[in-house]
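A.B. asks: Chains as they are written, first to last, in the numbering used here: chain A, 1 to 110; chain B, 1 to 112.
Don't read these hints as lab results, they were simulated from the structure.
A few of these clues could be false.
What the hints assert, rightly or not - Taking lysine-lysine pairs in the DSSO-like style, the calculated list, with each CA pair at most 27 Å apart, reads: (1) K14/B - K42/A; (2) K71/B - K42/A; (3) K57/A - K105/A; (4) K71/B - K105/A; (5) K71/B - K69/A; (6) K14/B - K59/A; (7) K97/A - K14/B; (8) K97/A - K71/B.
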Amino acid sequence: EDQVTQSPEALRLQEGESSSLNCSYTVSGLRGLFWYRQDPGKGPEFLFTLYSAGEEKEKERLKATLTKKESFLHITAPKPEDSATYLCAVLPGGYQKVTFGTGTKLQVIP
Amino acid sequence: NAGVTQTPKFQVLKTGQSMTLQCAQDMNHNSMYWYRQDPGMGLRLIYYSASEGTTDKGEVPNGYNVSRLNKREFSLRLESAAPSQTSVYFCASSEVVNSPLHFGNGTRLTVT
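All chains, please: the whole structure from these sequences, using the hints.
C.D. replies: If you want it as structure tokens, here you go:
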């Protein structure tokens, strides 16, 4: 069975304190991995798609990387506006649909 | 450009009542989806429509029905609501199946 595990469940950072969020997965034949950001009371907002091990994508203070077993979302010098829940979703091979992780709730304190 | 619009935003039902959640997208996407989000669980797919005229079950379809009314609109119906259906429901769309999802802002449903 496909599994996606995100860690930590919650993370509290001081403004400017860089860190990484982890998404580990067990799927049959990964076709893609997605990162989303979700603000309270809102729907998830798409950030990145990664397709193969070694791939990296960047957007402002965020950088997503992918290995054969996990993905990291690195946050460099975060600001309070980066506070949100970050969701990872994996797309297995075959005709399966995406499986979402439960998310990491990030709080950045001024 | 509104993206994905869901109505209503909030709803309270009594056990056994029925209701329809509405969703519309203006991005000319082919695929549309209904998810539910519960505390401590990831988003779970209820039903999806790969293209206009088709619908398929997702991970948790029991107790729900869907209608792809046209390319823009995809509705979710609860025929006889149960407390276990208390959740936040998200509609999403994508250009094609399994491409990045664009979500609405959700419907918060409570069944008492």
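A.B. asks: State for each hint whether it applies.
C.D. replies: Hints, verified against the model:
Only pairs whose Cα atoms come within 27 Å are accepted, and K14/B paired with K42/A is accepted, the gap being roughly 25 Å. For the suggested pair K71/B and K42/A, the alpha carbons sit about 24 Å apart, so the restraint of at most 27 Å is met. Distance hint between K57/A and K105/A is fulfilled; the C-alpha atoms sit about 21 Å from each other, no more than 27 Å. Between K71/B and K105/A the CA atoms are separated by roughly 34 Å; this puts the pair beyond 27 Å, and the hint is violated.
The hinted pair formed by K71/B and K69/A fails the criterion: a straight-line CA distance of about 37 Å is larger than 27 Å. For the proposed pair K14/B and K59/A, the alpha carbon gap of about 45 Å is over 27 Å, so the pair is violated. Distance check on the hinted pair: K97/A and K14/B sit about 32 Å apart at the alpha-carbon level, beyond 27 Å; violated. Simply put, K97/A and K71/B have alpha-carbon atoms about 20 Å apart, close enough for the 27 Å limit, and the pair holds.
The structure shown violates the earlier hints numbered 4, 5, 6 and 7.
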